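Undergrad: Could you use the hints to bring the two separately framed chains together as a complex?
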Amino acid sequence: MNARQLAFFRQASSDWDIFHHLYLDLLVFPRCHEMHYLQMCTEKLAKAYYVVPPRGHAAFRRLLTDMPLNPAVLAPLGFADLASFTLWSGSSAALVGAIEDLAPAIADVKHLPNPEYPWPRGVEAHAPVDYLFQVEIYDLIDAQLASGQPAFLDILEQMVATMQATPWHL
Amino acid sequence: MAEPERLAFARWLGMQHLKFDKRLTNVIYLPHGAPDDQVRLLEVNTGLYPDPGTPLTPIEATPAVTELPFRVWILDITPDEWAQVQANPQILPAGWSLDNRVTIGRGA
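In the order they appear, the protein sequences are chains A and B. With the first sequence counted from 1, adding 30 to any position gets you the numbering used here. With the second sequence counted from 1, adding 36 to any position gets you the numbering used here.
If we strip away everything but chain B, and leave its shape as in the complex, we get (with noise of 0.2 Å):
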């Protein structure tokens, strides 16, 4: 699949998360090292409270089987863990990068 309709579903996607829960502040789109059919999509959320030190850990959102042409990977942080991750990309999951990263609504 091309990068323009993975990016064009990944802002759908995005907005749709926002529209519903407005805890989410930032939805991150995150395509560098992503395989073709995967959306990754970091969302900065001010509801989330984890026991501290649970690891940055991303969900799978979509089925097995799927008609949808991408897998949904999701990644939640909370605020001060998106400083922390800015300051620090290392500690994204393995694989995970802020490379290209693409804002979705709310701001930068």
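Only chain A is shown next, with the shape it has when bound in the complex (with noise of 0.2 Å):
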């Protein structure tokens, strides 16, 4: 990794581990905290795998859509083969859109929620604490595990885990 690469992996580390706690503890602190974690987590991770960053917030789907040209991922992250994990992707592409949306640049543009900051923007009049996030990504996360595909957030805690240490960055 270059030393952007490694800042941005270490920062979407720091993150994972900031969601993962919150999503532990679902009825202590507002989801909008974990969500907003979530999406950076995949923005950093996916602006860590190359060696110049994806344009944009969006950056999570440009990294699934050319992993499968890296043979170095499957292993790590439990796939046996591209088949396996091009289902499985196939399965996140929903979630990983919507994890996507909640970034405020994004979600600020398509008029939805977002975690971080009251909106809608101008006319601010909701408050991402007082907001379940339950349509935009609990269903989701609901909706991929059911698919019988291994579970979403099973395979991004080996994303982070595996990325720097394998490694299977470019």
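These are calculated hints, taken from the structure and not from any lab test. Because the structure is a prediction, the values reported are computed rather than measured. There may be inaccurate statements among the hints.
As the list claims (entries may be wrong) - Anything over 10 Å on all C-beta distances counts as not near chain A; from chain B, calculated: (1) ASP73; (2) GLN122; (3) ALA123; (4) GLN126; (5) ILE127; (6) ARG137.
Claimed, not checked - These stretches of chain B come out as covered by chain A in the derived footprint (C-beta under 8 Å, 3 or more residues): (7) 50-60; (8) 79-85; (9) 94-108.
To be verified - Ranges of calculated distance between the beta carbons of each label pair, as one might list FRET restraints: (10) HIS68/B <-> HIS141/A: 35 to 43 Å; (11) LEU104/B <-> THR196/A: 16 to 24 Å; (12) ALA44/B <-> THR116/A: 13 to 21 Å.
Every residue, glycine too, gets a C-beta built ideally from N, C-alpha and C.
TA: Put into structure tokens, the structure is as follows:
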């Protein structure tokens, strides 16, 4: 990893730790906080993968689109072959898009709730702490789990754990 | 590597991207000026939302050590940026060109 990649990877790893902590304590803190860290983890992890970072905040879908070109990703993430990875990434596509949409810069444009700032911009009337993100994220997590493919969050955890250690970044 | 093989690979890869990412409206193969072992794809992405002024910078999508015969470089741009590029190809990254472009899937 170059210095930029390492900086993004280290921050993504910390974002994952915070997300995981909050996710396990679902009833203690408002959900917006774990959503914030989940979005940040995925964006920074994607920006850590590339020698030059992708443009914009919607980087994680770029990463999943390009991962099939890199056979080094398969074993560390527990996939036996490219077909298995492709099935998993297909099962996760809607959820990945929804996580990207949590970035305030994207959510504002698409008139969606975001986990950081009250919305809508300019006439703020809704606070993230009061919003459950049930339809936007949690239902999609459940739907991906029901697909029978490896759980998205388990694979994301493996991505954080192995991207630098194995390594499989570019 | 001969151009027919490179074009076939570019078409296959572009179709894979279009299948996976429904936000892509166009994938365009740009062979002009590219090294023989390089596949350049310009991908028009409705979900990109770059910060204003973000330069048009391609990313390399292939690992340094690969069994692939090609290095893959991808330039993600918004539909508005695509319109600007078509009107003024000079804003493309240095060495990139729209000459001899091939559109892969989802229309022109």
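Undergrad: Next, verify each hint and record whether it holds.
TA: These are the hints, each one checked on the structure:
1. No Cβ of chain A approaches the Cβ of ASP73/B within 10 Å, the least distance being about 14 Å, so the stated non-interface status holds.
2. Distance check on GLN122/B: its Cβ is at least 18 Å (rounded) from any Cβ of chain A, clearing the 10 Å threshold; non-interface status holds.
3. Even its closest Cβ contact with chain A, about 20 Å, leaves ALA123/B beyond 10 Å, as expected for a residue assigned away from the interface.
4. Taking the minimum C-beta to C-beta distance to chain A, about 19 Å, the non-interface status of GLN126/B holds against the 10 Å cut.
5. Once the 10 Å rule is applied to beta carbons, ILE127/B is consistent with being away from chain A; the minimum gap is 14 Å.
6. The beta carbon of ARG137/B is kept farther than 10 Å from every beta carbon of chain A, the shortest such distance being approximately 20 Å.
7. Coverage of the segment 50-60 of chain B by chain A holds in this model, with 6 residues showing a Cβ closer than 8 Å to a Cβ of that chain against a need of three.
8. Coverage of a stretch by a chain is defined here by at least three residues with a beta carbon nearer than 8 Å to that chain's beta carbons; for the segment 79-85 of chain B and chain A the count is 4, and the condition holds.
9. Check result for the segment 94-108 of chain B against chain A: holds, 11 residues qualifying (beta carbon to beta carbon below 8 Å, three or more required).
10. Separated by about 40 Å at the C-beta atoms, HIS68/B and HIS141/A satisfy the suggested range of 35 to 43 Å.
11. Checked against the given bound of 16 to 24 Å, the beta carbons of LEU104/B and THR196/A, roughly 19 Å apart, stay inside it.
12. At roughly 20 Å, the beta-carbon separation of ALA44/B and THR116/A lies within the given 13 to 21 Å, and the hint holds.
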